[in-house]
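Participant: Fit chain Z to the given chain E structure using the hints.
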Amino acid sequence: MDTLLFGALLAAALFIIFARKRWIAATGFAVCFIAIALLFAHHVTSTLELSF
Amino acid sequence: MSETQIRIFVGDTRVIVPTPTGRRDLLLGKLGFWAQIAFLLAYIGVLSTAMFYFQFALGELPCPLCILQRMGMMLSSLGPLYIVIHSLRGTLAPADFMTGLGFAIVGALLGAAMSIRQILLHIMPGDPGYGTAVLGLHLYTWALVSFVVVLAFAGVLLMFGTEFLAVGPTSPVARYVAWAVVWIFIATIVANLIAVFFLEGFNWFLPDNPTSYELIGWTPTPAAN
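Chains as they are written, first to last, in my numbering: chain E, -10 to 41; chain Z, 3 to 227.
For reference, chain Z alone in the conformation it holds in the complex:
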């Protein structure tokens, strides 16, 4: 057994796991950590742009499938959140790393199913689609692209086994940045919760094409594109 491996016991089973003690292992581990932070930041950016720009600035109210895709992105992001938290605490075992990547994959699969459903709803020639297109693609199509990227990301990390087992930073500034990203992600969930409460009010379900914030009875005027 090399110096970069330790033996642990899972129940009665002896398992040999690598420990990131070498320079190369540490470098890949840190890269793995910041890749998870980048994953979280990317979805924070996507979710914030959808809500603050398209919903609030342009006045385009999200349909039920749009809201479901936001949930899919958050569900998928629970994976990197799990890995980042355990890395920051120094308790990330290979099994935890796999659990986090599993969360990301399963969440992305559900999100992709929702995106594909919405793409199929508007796939007929002549259908204008729902909402504003960005670079020629509607938001639900971009959502599918993002879910496929997540699947590819998790797949590539799994191909390398534990090479990219995330190692949390030791510098106080880097740890502060990482914790800030974690809490900004939580704030993004809270902001979406409040926005959808205003949109849905006390109804059980959203209408197929929402036109007003049910809670306060306000109909926003869509901005001219």
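Same shape as in the complex, but just chain E:
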């Protein structure tokens, strides 16, 4: 999954360089953001034994 996400980041960066429309860059960014946030959520397995 991590390898795929670095691939997605690479694709988003290349979209920014080669695609001139803002919505393409924003879509690439948004897809990466959501995918990385989901992977982060997968690794957050507990609320820790801390008092918030």
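I should point out that these hints are in silico values taken from the structure, not numbers from a laboratory. Check before you lean on any hint, since a few could be wrong.
[Unchecked claim] Some chain E residues judged to face chain Z by a derived CB distance under 7 angstroms, without partners named: (1) L(-2); (2) A2; (3) C21; (4) I23.
[Said to hold, decoys possible] Cβ pair distances, simulated, as ranges: (5) W206/Z with T16/E: 20 to 28 angstroms; (6) P130/Z with T36/E: 20 to 28 angstroms; (7) P96/Z with L37/E: 41 to 49 angstroms.
[As the list claims (entries may be wrong)] Listed next, the in silico DMTMM-like pairs over lysine to aspartate or glutamate satisfying Cα-Cα at most 25 angstroms (straight line): (8) K32/Z with E165/Z; (9) K32/Z with D98/Z; (10) K10/E with D98/Z; (11) K10/E with E165/Z.
The beta carbon of each residue, even a glycine, is placed where N, CA and C say it ideally should be.
Facilitator: The following block gives chain Z in isolation, referenced to the frame of chain E:
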């Protein structure tokens, strides 16, 4: 309307935007451009040090949260990348400048959440933390510092509106340097992609405490600190 403003139409709406025609505007614009380049260079340096020194030289394999924080830094860096590219092409509108700063802020917020999570994992007294400390702070704590710096940087630029609207350089050497930074950033993503592929192999997720490169079954020996 002054000479340093032009009218553009966004749909049916007339918008007045400043154009960097005055000496002062150009100076601030160029400063804004090189500030974005410095942002990219700073994260290229951080990511390269984490990978080439701590991972390869010291043999400290990154945990899943460490990898996620690297992704957060890259996600945040897409903002200055967007601004730099449009500046170099001469197509940077104020809306593009805001979009770039928005990318930087949102990416830094996600990265900061990851760093805070890892800090909280090791916050109990007596916990040795994960990996080597640098100047008394672990790498995930430095990562949080960097994300806060990004938030402050973007906030200050936004306070000034379009004063620091980036203006790309006209000198061929400066443009070459700027494009070199752009492609070094791309190379940094590719290097991380390859390194994490060796680390993760064909598994879906990294283990909590990786001890070997799964793809080739090699366990590096951590260097003595």
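Participant: Does each hint fit the structure? Answer for all of them.
Facilitator: A quick look at each hint next to the structure:
1. L(-2): This hint holds: L(-2)/E lies near chain Z, its Cβ roughly 5 angstroms from the closest one there, short of 7 angstroms.
2. A2: Where the cut-off is 7 angstroms and the nearest Cβ of chain Z is about 6 angstroms from A2/E, the hint holds.
3. C21: Check passed: Cβ of C21/E comes within 6 angstroms of chain Z, closer than 7 angstroms.
4. I23: Constraint on I23/E not satisfied, violated at 10 angstroms.
5. W206/Z with T16/E: 20 to 28 angstroms: For T16/E against W206/Z, whose Cβ atoms are near 25 angstroms apart, the range 20 to 28 angstroms holds.
6. P130/Z with T36/E: 20 to 28 angstroms: 22 angstroms, holds
7. P96/Z with L37/E: 41 to 49 angstroms: At roughly 43 angstroms between Cβ atoms, L37/E and P96/Z fall inside 41 to 49 angstroms, so the hint holds.
8. K32/Z with E165/Z: 10 angstroms, holds
9. K32/Z with D98/Z: Given that 25 angstroms is the threshold and the Cα spacing comes to 16 angstroms, the pair holds.
10. K10/E with D98/Z: Given that 25 angstroms is the threshold and the Cα spacing comes to 10 angstroms, the pair holds.
11. K10/E with E165/Z: Satisfied, since the Cα-Cα distance of roughly 24 angstroms is no more than 25 angstroms.
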